[in-house]
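One line per chain: the protein sequences are C and A, in this order. Counting along the first sequence from 1, when you hit position 27 you're at 27 in the working numbering, and nothing is skipped either side. Counting along the second sequence from 1, when you hit position 79 you're at 79 in the working numbering, and nothing is skipped either side.
There may be inaccurate statements among the hints.
Computed Cβ-Cβ distance ranges for the label pairs, DEER-style [what the hints assert, rightly or not]:
1. A:Ala455 - C:Asn102: 53 to 61 Å
2. C:Leu65 - A:Trp60: 23 to 31 Å
3. C:Leu35 - A:Val458: 55 to 63 Å
4. A:Ala57 - C:Leu23: 42 to 50 Å
5. C:Tyr118 - A:Val181: 16 to 24 Å
6. C:Val192 - A:Thr466: 42 to 50 Å
7. A:Ala356 - C:Leu23: 47 to 55 Å
8. C:Leu35 - A:Ala198: 20 to 28 Å
9. A:Arg25 - C:Ala116: 54 to 62 Å
10. A:Ala356 - C:Val196: 39 to 47 Å
11. C:Thr152 - A:Val276: 20 to 28 Å
12. C:Tyr92 - A:Val186: 54 to 62 Å
13. A:Gln291 - C:Thr214: 26 to 34 Å
Don't read these hints as lab results, they were simulated from the structure. Note that the structure is a prediction, hence the values are computed from the model and not measured. Where a beta carbon is used, it is the ideal one built from N, C-alpha and C, also for glycine.
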Amino acid sequence: MTAMLGTSSLLSIEALTGGVFLLTALGTVAARQLLACFRLFVLQSFLLSVSAALLGVALHSPHLLAVAAITLATKTMLIPWLLRRTVHDEVYRIREIDQVLNIPSSLLLALALTGAAYVFTDSLGAVGVPAYSFVNLPIGIATLLLGAFTLTVRREAVAQLLALLVAENGVFFAGITIVPDLPAIAELAAAVDIPVYTLVIGLLTRRIHSEIGTTMVGRLVALKEE
Amino acid sequence: MVLAAVLLVPVVASLLTLAMGTQHRRGLLTVLAMASVLALSLAAARSTLAKDQISTAGGWLACDGLGALILVLVAFVSFTAALFSAGYLAQRHPHEESGWHSAYYPLFNLFVASMLAVPLMANVALLWVALELTTLLSAFLVGFEATPEALEAAWKYALLTTLGAIIALLGVLILYWGTRVAGKEVFTWNELITDAPAMPPALIWPAFLLILIGFGTKVGLVPMHTWLPDAHSQAPAPICALLSGVETSTALYVILRLYAVLSRVPGSEAEPWFLVFGVLSVGVATILLVQVRDYKRMFAFSTVEHMGIILLAVGLGSADARFAAAYQITAHALAKSFCFFASGIVVLVLGEQRIAAVHGLARRAPIAAVPLIAGALAITGMPPSAIFASELLILKAGLARGEYLVTGFLALFIVVGFAAIMRHATRMSFGAGPLGRWPGVVPGTCLAALAITAAPLVILGLSMPTALVGLLQLAGTAMGR
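Chain A on its own, in the form it takes in the complex:
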């Protein structure tokens, strides 16, 4: 019941916002809707924790540990992003209420609904549809600012991730062929996992590679990442938080599920693929981080880096590493949405995205500089950020598995990434600025979104509540053999 309600609330909210006349009301309704989605998701996670797996609607909707984790993260970031949107849009586009701008909240709600649907779809073919819808419903949000850059970014995003989805579709169809050869008809993740040993490896392997490349495009894995820094830097800040914080993880979710299927095929080794794509993404993203010239782009490249870290962690192949990967997904969703909220405030203050154009932000507007520095510290893994704890767990798991080379590279790239992001952030914040104090006021809802995100980010870095440990363990089990 609760699973169906989670999807229904944003769809109804979308219709209602469509009927409303002012941006203020649409924003308020969206915040309320997202708050109830968050409450429902937490309820779903609680019953998943009690029963290991829940399902509804005749088995079409289902939720296990990994699904519940993604569901809660999507709901959380959607709530904070809705809150941030209210103040951000009012300040940045104060008198634009109709036409292109009135579509923002209806699309926002539908986009959230499609992301929530991904972890809940039991049928793999329907999961494909849900994931493709996340692209289509967010394409206009990416191009929302309607500048040539934003439209180019939206175009690249829609075109390349749809091409990826089409490649993945062939993989999904071949996977279904495999279940038919194994003599089954139901095409759900649970069935796939039980049938995997009976499926011909000659079918599972091409299916896996097609889906890895296809949905890997949407995750932003190198070398299919080229669209990501554009889309994740040109969208309005709250949309960036959703795209980078959770949308990438919903696509990664499918690849992680497939890992669980593959690990049950006798004699198959999926780990090397995960390690290679993981190290490649972390490495290339780190190099790009050093030379980046736009601070939103900087956080986008950091997303590519973190997706690589998660993939690499799963590729280490131990239960500890999978737990750490689930932890990293959680920490990244929180830290990255915080970073984009912070950069949204900098945009409100300066209306400028080039790093070189920003000096002395700490003096001009401390209200923007403090979150920016805090976000940079949090995402690069400075304690007490949860990223520090999760990355430490991954490095430990790597050493325990004897993967010294991979772990060494990972440690090196994390350090270089830290130096690069901190150099850019300090350059923007300190030193003498050309202008005096910023006269404006940052909207209250934007600050509230920052505070609500910061709290769990720090708390989870210091100590983890038992409920979360249980959920992460359940998620880790869902990924493994």
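One chain only, chain C, in its complex shape:
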């Protein structure tokens, strides 16, 4: 594949993947339908896997190819399956996710966060960052910030869980370029960890749904300081 395309064109395609990856993150901020958020997350995970595969071929790193395979298996197949199994069907029919902030102001803040991520990455310039890191690092950090932001403003349990997974995708998107050779054991352990927390939080959601009859965690106000 390297012979056919050449390293530079592989890296250009990778940069393009990065652009679409960032768009999916912004999309989850803007999407009001739960099912749309869910699909954007799966698409984003797929792009993460593509980016890892492209870098793996371009940099001749079997390690990154393994990351691509693990991501593809866990995040585009296992986790969506787990989410479908654990979370009640009617939750996916939610068309208007309850949110503290309206969409236009959310998007405005999202753009500011993305800008902040680029400013932050600039400060790392002195370390000698390879060019492809300048694609992945700011996009990954921006996605982490966008995920954390979405989690804070949404008031629906499953939407919050999806935001958490988006934030995690961001960290991995940045991670594959800054540590292309993390010990395999750590990689594997992380790969086990993510489905486990999806399962745990998914089961908690199911339990909340069956005990309280809603997953609108924003309406859970039993616990707060008077």
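Given chain C, put chain A in place with the hints provided.
Below, chain A without anything else, positioned relative to chain C:
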């Protein structure tokens, strides 16, 4: 060898409890398993004391002074919490043996295993995995009572601490990037400390801040503490003892380790960050302590306060202060688990967590009132509690460093915290109660857990055995330059 055994015992115990049919047997096996974990941890601490550092399994598991201290504390509180669980569950949920309830002991064992793994993981990336597992394995224990409040608390706990862990993960990856730039491949704490001077500060600083914010969420540092009072008040009492007494310290452990790395970077000053987060946590927690309306929540806010005190002590930056911080971690683990055991007994007596609903507890059930008052005195630093000795050491270290402002604030907040907790505790205990004598009996294992925790809490406040002084000094050295 012994390090691997420490992790293996609770995992095997978890599988065995899964196969058992009655809650009574599961409890008994868990108590036995935790007793052997405690014995193994003490053995590990002894050989650490003799050799400064031990490692096994090809260097994947390692233990130094700080690790040994956390290991022993986790093992001790796990043992007393297992003992307390046996009586507490039998009294509070007498006929619930299957389904949701049968998962209690298997999860308890796994949760303990994950906490024990944190100080033993030599590799930083695996340490991250272990710390994240402590959240996941305890989330269902937090929601165990299955009331809307408990489920909400479990939800907040799992979601926010996992978000924190994800933020910290980016920090861990950047830290690994730093070791690669320094030309190294092994990603262990020992390597990090030797390589720190060769790493670019432009990488170490963002890594430090991401991990401070990320794992600081799990420690309960203000302003990331919002989930903590919920989780630490809604879980069953023995789980609260584990969460507040030691789980917070295992997360703090990572931040303390990072301090040792940072202190070797030329021209870096991590101390101000520790002082600011420390004072902020102590101050905000103290204000919240004054207005709290639930007594388990009160002890939870006190945990935020104590985490702040420990962070502040390390931020003072002297060897004496680091020794005092290690002492404070020990004293807090003992005193806080005692407080939650005491509040568990009050829950058994009254089935009620609101402070305003409790009057005249001393007359209604002295068996609940005495531990409650004793716990309140111990955690607020009344001698002979070990907390008094450790806080005194921290204040002295602060004055010796010339940090008069910080030390002054700390002293003020400690006094206000004392007044607030004592006011709530006395209001609950004394005065005329609406009802007569409580007819019930407090389970023997609950009282045993209280007594086993009280003994070292008082003894360490009066005099310290040389072995413990050695361990605390070793732990202090592991944190410093």
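Results for each hint:
no.: 1; hint: A:Ala455 - C:Asn102: 53 to 61 Å; in the structure: holds (59 Å)
no.: 2; hint: C:Leu65 - A:Trp60: 23 to 31 Å; in the structure: holds (25 Å)
no.: 3; hint: C:Leu35 - A:Val458: 55 to 63 Å; in the structure: holds (59 Å)
no.: 4; hint: A:Ala57 - C:Leu23: 42 to 50 Å; in the structure: holds (45 Å)
no.: 5; hint: C:Tyr118 - A:Val181: 16 to 24 Å; in the structure: holds (22 Å)
no.: 6; hint: C:Val192 - A:Thr466: 42 to 50 Å; in the structure: holds (43 Å)
no.: 7; hint: A:Ala356 - C:Leu23: 47 to 55 Å; in the structure: holds (53 Å)
no.: 8; hint: C:Leu35 - A:Ala198: 20 to 28 Å; in the structure: violated (50 Å)
no.: 9; hint: A:Arg25 - C:Ala116: 54 to 62 Å; in the structure: holds (56 Å)
no.: 10; hint: A:Ala356 - C:Val196: 39 to 47 Å; in the structure: holds (40 Å)
no.: 11; hint: C:Thr152 - A:Val276: 20 to 28 Å; in the structure: holds (23 Å)
no.: 12; hint: C:Tyr92 - A:Val186: 54 to 62 Å; in the structure: violated (46 Å)
no.: 13; hint: A:Gln291 - C:Thr214: 26 to 34 Å; in the structure: holds (30 Å)
Hint check: violations occur at hints 8 and 12; the rest are consistent with the structure.
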